[in-house]
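Protein chains in written order, with my numbering: chain U, 1 to 412; chain E, 413 to 845.
No lab work stands behind these hints: they were computed from the structure.
Just so it is clear, the structure is predicted and the values come from calculations on it, not from any experiment.
A virtual CB, placed ideally from N, CA and C, is assigned to each residue, including glycine.
There's no promise every hint is true.
[Claimed, not checked] Straight line, CA to CA, 30 Å or less: simulated BS3-like cross-link-like pairs of lysine-lysine:
#, chain 1, residue 1, chain 2, residue 2
1, U, Lys-211, U, Lys-42
2, E, Lys-670, U, Lys-35
3, U, Lys-17, E, Lys-670
4, E, Lys-460, U, Lys-330
5, E, Lys-723, U, Lys-375
6, E, Lys-718, U, Lys-375
7, U, Lys-375, E, Lys-664
8, E, Lys-726, U, Lys-35
[As the list claims (entries may be wrong)] The following residues of chain E were derived to be distant from chain U, with all beta-carbon distances above 12 Å:
#, residue
9, Asp-462
10, Gly-474
11, Lys-535
12, Asp-541
13, Asp-556
14, Asp-568
15, Ile-615
16, Ala-660
17, His-665
18, Gln-669
19, Asp-717
20, Glu-738
21, Asn-804
22, Ala-812
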Amino acid sequence: MPSVCFYFQVHQPYRIKNYGFFDIGLDHQLFDEAKNRQILDKVSHKCYLPANALMYDLIKKHNGAFRIAYSISGVALEQFRDYRPDVMDSFKKLVDTGCVELISETYYHSLSFLYSKSEFDRQVNQHREMLWEHFKVEPKVFRNTELIYNNEIAYHIAGLGYKGMIAEGVDRVLGNRSPNFLYHPHKRPDFPLLLKNYKLSDDIAFRFSNKAWEEHPLSASKFAKWAHQVAGNGEVINLFMDYETFGEHQWEDSGIFEFMKHLPDKILKHGDFNFKTPSEVVDSYPVRGEYDAHELTSWADMERDLSAWRANSMQHEALRRIYDLEDTVKGLNDPSILDDWSKLQTSDHFYYMSTKFWSDGDVHKYFSPYDSPYKAYINYMNACSDLEYRIEKVQQEQSALTQAPAVAAAGM
Amino acid sequence: MNELKRKTALLLGWEFPPAMAGGLAVATYGIVNALKEFINIILIIPYKDDNTPEMPNVTIYGLNKLQEEFTEKVLVEIRESMTAFNEVGFISAYPFFSHIYMQPQTQEKVTHQEVTVPIDKVKLFQSEDIYGAGLWEKLQAYRDLVTALSSVLEFDIIHCHDWLTFEAGMCVKRISGKPLALHVHALETDRISEDVRNEIYQIEREAMLVADVIFPVSHYTKSKIVHNYKIPAYKIFPIHNAVDATIAKKWKHRIPQKIVTFVGRVTMQKGPEYFFETAEKVVAKYPDVKFVIAGSGDQLYELIDKTAYKKLGKHFIFAGFLKRDEIDALLSVTDVYFMPSVSEPFGLSALEAARAGVPCVISKQSGAAEVLSSALIADFWDTDLFADHIVNLLSHKELAIHIVEESKKDLAKISWDTSASQIAEQYTRILSL
């Protein structure tokens with residue numbers, strides 16, 4: 001009985017403002033509130049509100065047969081809470097139907113696992129608390145930022161008590177095996193992995209509106225036919241994608257909403273097929289094989305590795321600089337410094353510094369608010385300088401306080 | 413020199429406020445503003461707008477505004493001076509003493525030619541950005557428009573600023589027969605390498621051969637002209653640039669770390685790789701320092717990359733291309749100014765730093781080192797010595813104060829007025845007044 005498992009990623013970073021030399025030490029507002037609001041409004045209008053309305057209608061229409069999952073980053077949730085409570089409410093409405101699962105991730109959508117397990121755990125906990133506060137749910141399945149995954153991460157997640165984890169189905173690990181089954185990490189058959197079927201997922205998320213694609217136009221019937229071909233040699237079809245596929249990456253006039261509107265119908269026409277959330281998939285199917293990923297993989301670019309965020313010197317240096325501050329920041333007990341330090345860990349900041357496709361102009365460039373990766377790096381490093389300036393100030397104040405009693409005792 | 417006040421100099425400029433990319437605009441303005449006390453000036457520049465400074469005794473033509481001056485064709489009088497050699501033979505009774513010698517004969521030829529003024533090319537100069545793509549097209553247009561414009565102007569001497577105006581200057585000299593002075597602010601052999609022999613080099617050389625007098629901005633540049641361009645030294649007279657005495661406002665804030673500043677184009681000529689090497693050595697001995705780089709250029713990305721690769725990211729702040737008031741604000745919080753140029757004809761930025769009360773560490777291979785004799789210097793490749801100088805200045809306040817005081821005395825010895833009067837002296841000599 002093949003199950004179609006949809007998971008949509010919802011994320012918006014706190015983008016840094018244009019931050020120059022003269023701002024360091026003077027302007028402590030590192031993030032561009034006006035721009036972040038404006039972008040959130042735009043994406044809410046084009047994607048979140050209409051797509052949520054569509055999903056809600058589909059859930060109601062199919063009476064529980066249509067079931068999906070979202071992972072919403074903590075920084076996105078914060079921005080919904082503060083800037084667009086109506087969008088927050090529309091997600092709440094979806095979760096309240098009982099047909100929508102929420103996935104766990106790092107609050108700040110960060111690469112923290114690669115630098116500090118303790119920081120990683122802190123962010124995962126913070127995200128769980130946020131999900132409880134707003135949705136009254138406790139997530140059971142985990143996805144790491146940008147589906148960054150390997151055996152070691154899986155062991156850690158299993159150790160945190162999750163019942164399963166989401167990852168990219170990377171060819172070089174799968175070999176010629178199909179992603180349409182549950183797998184398990186090396187030596188851990190007790191921990192199921194849901195692997196993205198990248199071919200079918202990307203047909204919707206990337207190729208849908210590409211007129212040069214031989215399968216264009218993609219109708220719901222055609223896609224359902226492809227899905228139905230999995231019957232007999234697959235148990236789950238994992239369709240994982242950015243939620244902005246609906247209205248932002250694929251514009252409304254491409255027909256993406258119409259496509260999605262008819263898809264559940266067409267899929268369910270085949271009696272053996274159903275929709276399940278990731279938890280339900282984990283409960284329904286056994287693990288069928290080992291997925292042994294020693295090296296880190298992700299769902300980004302052709303390489304499906306970490307090169308989008310951590311390849312060139314600038315990225316390495318920026319990541320090193322921010323994570324080197326962990327012990328100092330945590331020792332200060334200053335909430336606003338901790339908050340800014342955390343927001344500076346969001347993976348997008350390093351993505352903007354990528355020089356991978358810069359000369360060609362490609363996917364990376366579309367997503368970046370900067371003219372060049374060098375501007376992104378300079379901006380980020382200036383923001384870090386301000387953060388370090390504030391840290392030093394607080395350290396001085398705190399050491400002055402501890403010295404004061406000694407001075408008084410000296411009778412001065 | 414009073415006779416000079418009745419004369420007119422035709423100055424051909426390229427950069428001029430507000431169209432500024434580097435020191436050329438500042439220097440051209442400084443010269444014009446001081447020289448106007450000695451002689452009437454007509455200045456032709458590519459771009460003029462309401463922000464272009466107005467000065468008494470100076471008429472400024474911006475090519476971007478040349479619309480109404482010309483009809484389609486202009487009758488131009490061309491005076492060509494031709495020197496021919498007649499062969500004269502002399503035969504003596506003793507065959508081994510016979511020789512043939514050449515006797516020069518100079519003729520002046522005056523012709524008239526109708527020249528079509530490419531008035532449509534005026535559109536090339538409509539923006540403040542006078543460089544950019546299509547530079548060669550702009551230079552051709554500049555030459556043709558300037559030549560046409562000059563044919564209806566009255567002047568006694570032509571004075572060109574930098575290679576961009578040299579071709580126009582040569583044409584105007586040919587047509588008007590007036591003497592040509594070249595102001596050399598920079599050389600291609602500084603920008604590229606001593607062996608370069610490209611188009612720009614050829615333009616520079618040809619103009620210098622034809623010119624009646626050459627004004628390089630330093631003795632250093634004079635020696636480069638003689639050495640690399642093989643121009644005879646007798647017609648080369650160095651004229652130092654200067655700075656006017658502006659009092660800069662102090663920036664209201666400063667970070668606790670020491671600041672070492674570089675202002676200029678991040679290009680090979682300015683020594684960015686030596687800058688980095690020095691910075692690395694400084695950080696090893698004096699870690700509480702930030703290097704601020706104010707400028708942009710073709711070597712910028714490589715420099716950024718290197719600072720990241722060597723894990724020194726937090727010690728470098730890239731401020732980008734700054735405007736005048738921002739540079740002054742930066743200098744007001746700078747502890748050391750560092751200019752490791754590979755070959756710097758002058759280096760106005762160092763003088764601006766000295767004016768702002770900042771001790772300077774500069775390359776021996778620069779014109780500024782001739783003026784700022786109190787600055788700490790080293791050969792451009794000697795990053796060990798540069799690093800020592802910088803660390804000494806950062807660590808010892810008294811040394812920094814002493815250098816700054818001495819530099820102020822150095823600055824007092826130069827001025828645009830002095831330089832202008834030296835130029836006026838040369839004008840007088842050439843015009844045989």
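Comparing the hints with the structure gives:
{"no.": "1", "hint": "U:Lys-211 <-> U:Lys-42", "verdict": "holds (25 Å)"}
{"no.": "2", "hint": "E:Lys-670 <-> U:Lys-35", "verdict": "violated (34 Å)"}
{"no.": "3", "hint": "U:Lys-17 <-> E:Lys-670", "verdict": "holds (25 Å)"}
{"no.": "4", "hint": "E:Lys-460 <-> U:Lys-330", "verdict": "violated (57 Å)"}
{"no.": "5", "hint": "E:Lys-723 <-> U:Lys-375", "verdict": "holds (18 Å)"}
{"no.": "6", "hint": "E:Lys-718 <-> U:Lys-375", "verdict": "holds (15 Å)"}
{"no.": "7", "hint": "U:Lys-375 <-> E:Lys-664", "verdict": "holds (26 Å)"}
{"no.": "8", "hint": "E:Lys-726 <-> U:Lys-35", "verdict": "holds (27 Å)"}
{"no.": "9", "hint": "Asp-462", "verdict": "holds (27 Å)"}
{"no.": "10", "hint": "Gly-474", "verdict": "holds (30 Å)"}
{"no.": "11", "hint": "Lys-535", "verdict": "holds (27 Å)"}
{"no.": "12", "hint": "Asp-541", "verdict": "holds (16 Å)"}
{"no.": "13", "hint": "Asp-556", "verdict": "holds (36 Å)"}
{"no.": "14", "hint": "Asp-568", "verdict": "holds (48 Å)"}
{"no.": "15", "hint": "Ile-615", "verdict": "holds (32 Å)"}
{"no.": "16", "hint": "Ala-660", "verdict": "holds (14 Å)"}
{"no.": "17", "hint": "His-665", "verdict": "violated (5 Å)"}
{"no.": "18", "hint": "Gln-669", "verdict": "violated (9 Å)"}
{"no.": "19", "hint": "Asp-717", "verdict": "violated (5 Å)"}
{"no.": "20", "hint": "Glu-738", "verdict": "violated (7 Å)"}
{"no.": "21", "hint": "Asn-804", "verdict": "holds (25 Å)"}
{"no.": "22", "hint": "Ala-812", "verdict": "holds (22 Å)"}
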